[in-house]
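2 protein chains.
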Amino acid sequence: MTGPLADVRLVEVSAFIAAPSGGMTLAQLGADVIRIDPIGGNIDIARWPLAPDGTSLYWASLNKAKRSVCLALNTPQGQELARALICAPGEDAGTLLTNLPGSGWMDYDTLAKQRADLIMLRLIGSSDGTAAIDYTVNSATGFPLATGRGGEPVNHVLPAWDVAAGLYLATGFLAADRARRRTGRGQEITLALSDVALATVSSLGYLADVRVNGVVRPPMGNDLYGAFGRDFLLKDGRRIMLCAISNRQWRAIDKATGLTERLAMIGPLMDVDMGTEGGRFAARHAICAVLEPWFAARTLPEVRAAFEGSGVLWGSYQDFRQLVEEDPRASTANPIFAEVEQPGVGRLLANTVPLRFDLGQRPPMPAPRLGEHTEVVLTELLGLSSAQYGKLHDTGVVAGPGAQGRR
Amino acid sequence: MTGPLADVRLVEVSAFIAAPSGGMTLAQLGADVIRIDPIGGNIDIARWPLAPDGTSLYWASLNKAKRSVCLALNTPQGQELARALICAPGEDAGTLLTNLPGSGWMDYDTLAKQRADLIMLRLIGSSDGTAAIDYTVNSATGFPLATGRGGEPVNHVLPAWDVAAGLYLATGFLAADRARRRTGRGQEITLALSDVALATVSSLGYLADVRVNGVVRPPMGNDLYGAFGRDFLLKDGRRIMLCAISNRQWRAIDKATGLTERLAMIGPLMDVDMGTEGGRFAARHAICAVLEPWFAARTLPEVRAAFEGSGVLWGSYQDFRQLVEEDPRASTANPIFAEVEQPGVGRLLANTVPLRFDLGQRPPMPAPRLGEHTEVVLTELLGLSSAQYGKLHDTGVVAGPGAQGRR
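So the protein lines, in turn, are chains G and C.
Note that the numbering used here numbers the first sequence so that position 344 is 1830, with each residue one more than the last.
Note that the numbering used here numbers the second sequence so that position 279 is 1765, with each residue one more than the last.
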C-alpha cells in the first residue's frame, strides 16, 4: 500500500454520502479503511443509480479503496466483534468514523473502556439534535433562494454540504491523530451537517453582508457577483461561461473579441469606472449586450480558437455525457483517473483524490464487494483461526461476499 | 493558542477563496497561519461585499484567525524575507500554501535549497494548465445543466469547488505533514481546481451512470433523485423541503399529515411498490399532488407544530436575512459562532470550524488587519532587531497595518 497515510488504519460504520466520502478520502490517501456493514448491507447498499445487475453505482463510487466487513450488528456477538476491530491495537489505528447511532454499543465511553486513546468522529444532522440531510440543511442556508432567476427556490443538485462534510471529517481525523501522537490522548469529534453549511455561509461573507449592510444577495441568474461574468449562448447551441476577475483578464476579452472600441464606450455610457471589478459588475448588462452578438455568431470550436492562448478566462458548459465523452480531463489521460474492474459492474473509470503528491500515492481503486474482506480482516486483526471464523459464519454472526441485500 | 494543531506553523501566499479558506481551516484548528501579502494587499483585498468604510467583508470572512504580514514581493529583498519565513526552522513548520505563481522565487526547488523537508501545497486552475476559477470549472461538471427545470444552465451560487478545494488543501497538508514526520521528507502537492470538481462528479456516481447505463441525469427542479423529496409552498408564502430516504421517514410523513389512507392508494394507482425508495421516486408527482393541498392550507408555524417530534425529515427555506435573524443555529447560541471585533467593520459574528473537539479548540477569531503582524512575525521568526525592522520599513520592503490599498 502506498500514499502519505499508508500506515493508518480506521474503521467506518456509515451510510449515504458524507461519512463514506470522508472515509474514502482517507483510503485514497493510503489508509486502510475498514467499512463495517450489517449483513446484507446498510441502508445505502442499493441506492440509485444502479448497474443493470442491480449493483449500486452510488455505493460503488463512494466506497472505493476501502475494505468491507459484514457483521450481524444487531447481535451482541456482532457488536463485540465490531468493537474489537475498532479498538484493535496499533499506534496508527484506534479510530472510528460513523454517522450512525450505535444504540449504545458504540458510544465513545463504551469504546474507550477498550481503548483509552480512541479517536471517534461522529457526523450528525442538525446541531439542534434533529435529523437533517443535505437537502434539508441546504434549504436553511439562503443559497436556494439566491440561485436561478428568483420567484422560487432552486436547489443545487451537487450535494455540496455532504461533500464538504466528508472533507471536514478527513481533516478532523488527521488533526486529532496529530494531537494524539503528541499527547497520547484520543477524543470524540462531533460534526453537524448543519454546522458545515452555516460555517461556510459565514466564511463566504453572506452573514456579514446582512449584519453590516442589511443586504440580502438577490438571485442574479448566472451572473458573477462583484465582478464581470456570465454565460453566453453560441451559434451551435452550446454555451460558455465567461469571467474576468482581474484587469488583465478583462483586457484579454477586449482583445480576443476585437470589441475594444465598443467596450470602451460602456464606461461613459453607464457612468462607471470600467477599470474596476465593481464598475464592470455594475455595467454587466451593457457589457453582455455588446458581447452577445459576438458569441451568437460563433460555434464552440470557433470560440475555442479565438480564445486559445489569449488569457481569456472561460469554460464551456457540458452535460454529464459530454464530460465523459469529450473532456480529456475526465479520462485516463488524467492520472487521477484509471480504468478498474468494479465487481458487479465491469470496467469502470475510477478516481483517486485530486491531490497529487510528488512522493507518490495510491492509484485509483475499485470499491470492494460487500463483505469481501470479512474473513481476512477478522483473521488479521483479531487473530481468529479458520475454524473460529467458520463457526461465526455458520451461526450468522459474520458474512463474506455474496450476501448483499436488494432493497 | 489552543486546538489540535496548536504547534503547527505555515505560510500562505494566496488570494480569493480556495487557498485562503484552506489556510483558514488550519488556523481555526489552532495552527499559526501567516498570510504574506504584497504591500497594499493582494488582488482580493477589496473584493465585494464591502463594509461602509471600504473594508472587504469577503476578505475578512475568509482570513479569520490568521496573522498578516506585508512584504514588497516584487523586490528581491521582499522575496528573500518571504523565503526566510517559509523556510524558518521548527519541526512543525516549513510549509507553504499558495495559489499564486511565484515567478520563480518561490518555486519548490528554490525553496527546498533553503529547507530540504519543505511541504508546498500549490493550487492551480485546470489540470490542462489553463486558468480556471470555480465558475469556469463548474460549467464543465454537468451540474448547471442538471440544475433547475432545464432549458438553460443554472449555476449554483455557492462556490462549492473552492470550498472543497480549501478542505482538500487542509487534508493534503496534514497527510503530507504526517508522512514527513515518519520519513523526514517533504514534498510538493499540486491540486487542480478542475480535478476537485471532476473527482467529485466521479465519486458521486455521475460518470459511472453515463458509462454503464448511458444515462444523463436530467434536471428535475427540486426533486430528490432516487427517493422521495421536494419543496412545498405554504399558506404564508414560506416554503419547506420535505424528504424521506428511509421507510421510517416515509411512514412519519403518512402519520404526521394524517393522509395515510390516501397515500396508500398511490401504490395501486401508479403501479409501484411504495415500500421502496425507487417506487416512491417513480410515484413522486402523485405523492406531491396529495401533499400539496395539505401544505397550502398551513403556515410555517403550523407545519412546525405538526412535524415536531414526528420523525419527519424536513427543513424550511430561509433567505440570508431569515437565516441571520431567525435561525438560532447561526447565532452565538451555537458555540461555533461568537461575536468578535473585526478591524474596520466593528462587532461581527465569526465562526470557527464546524468540527467540535472534545479536548477543546480555538474559539472564533476575527481576521487580522492587513500587515498587522509584519513586525512581530519578522522579529519572532527571523530575529530582526527593532532597528533592522525600522530600516526595512523605511525603505518600503515591509509594511505594517494602515497601508491597505483600495481597488
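Derived by calculation from the structure, the hints in this document are not laboratory data.
Watch out, some of these pointers could steer you wrong.
Identical copies look the same in the list; a pair holds intra-copy or inter-copy alike.
[As the list claims (entries may be wrong)] Derived SDA-like pairs: lysine to any residue, alpha-carbon spacing no greater than 25 Å straight-line:
id, residue 1, residue 2
1, K1599, Q1565
2, K1877, V1862
3, K1599, D1844
4, K1741, V1883
5, K1721, R1635
6, K1721, T1881
7, K1877, Q1563
8, K1741, W1591
9, K1599, K1721
10, K1721, A1738
11, K1741, P1562
12, K1599, S1817
13, K1599, D1530
14, K1721, R1790
15, K1741, Y1711
16, K1599, L1755
17, K1599, R1842
18, K1721, E1827
19, K1877, A1537
20, K1877, I1752
21, K1599, H1879
22, K1721, A1791
23, K1877, D1603
24, K1877, P1705
Being a predicted model, the structure only gives us computed values, none of them experimental.
Hint compliance check: list the failing hint numbers for this structure, sorted ascending.
The structure breaks hints 4, 6, 8, 9, 11, 12, 13, 16, 18, 19, 20, 21, 23 and 24; every other hint is satisfied.
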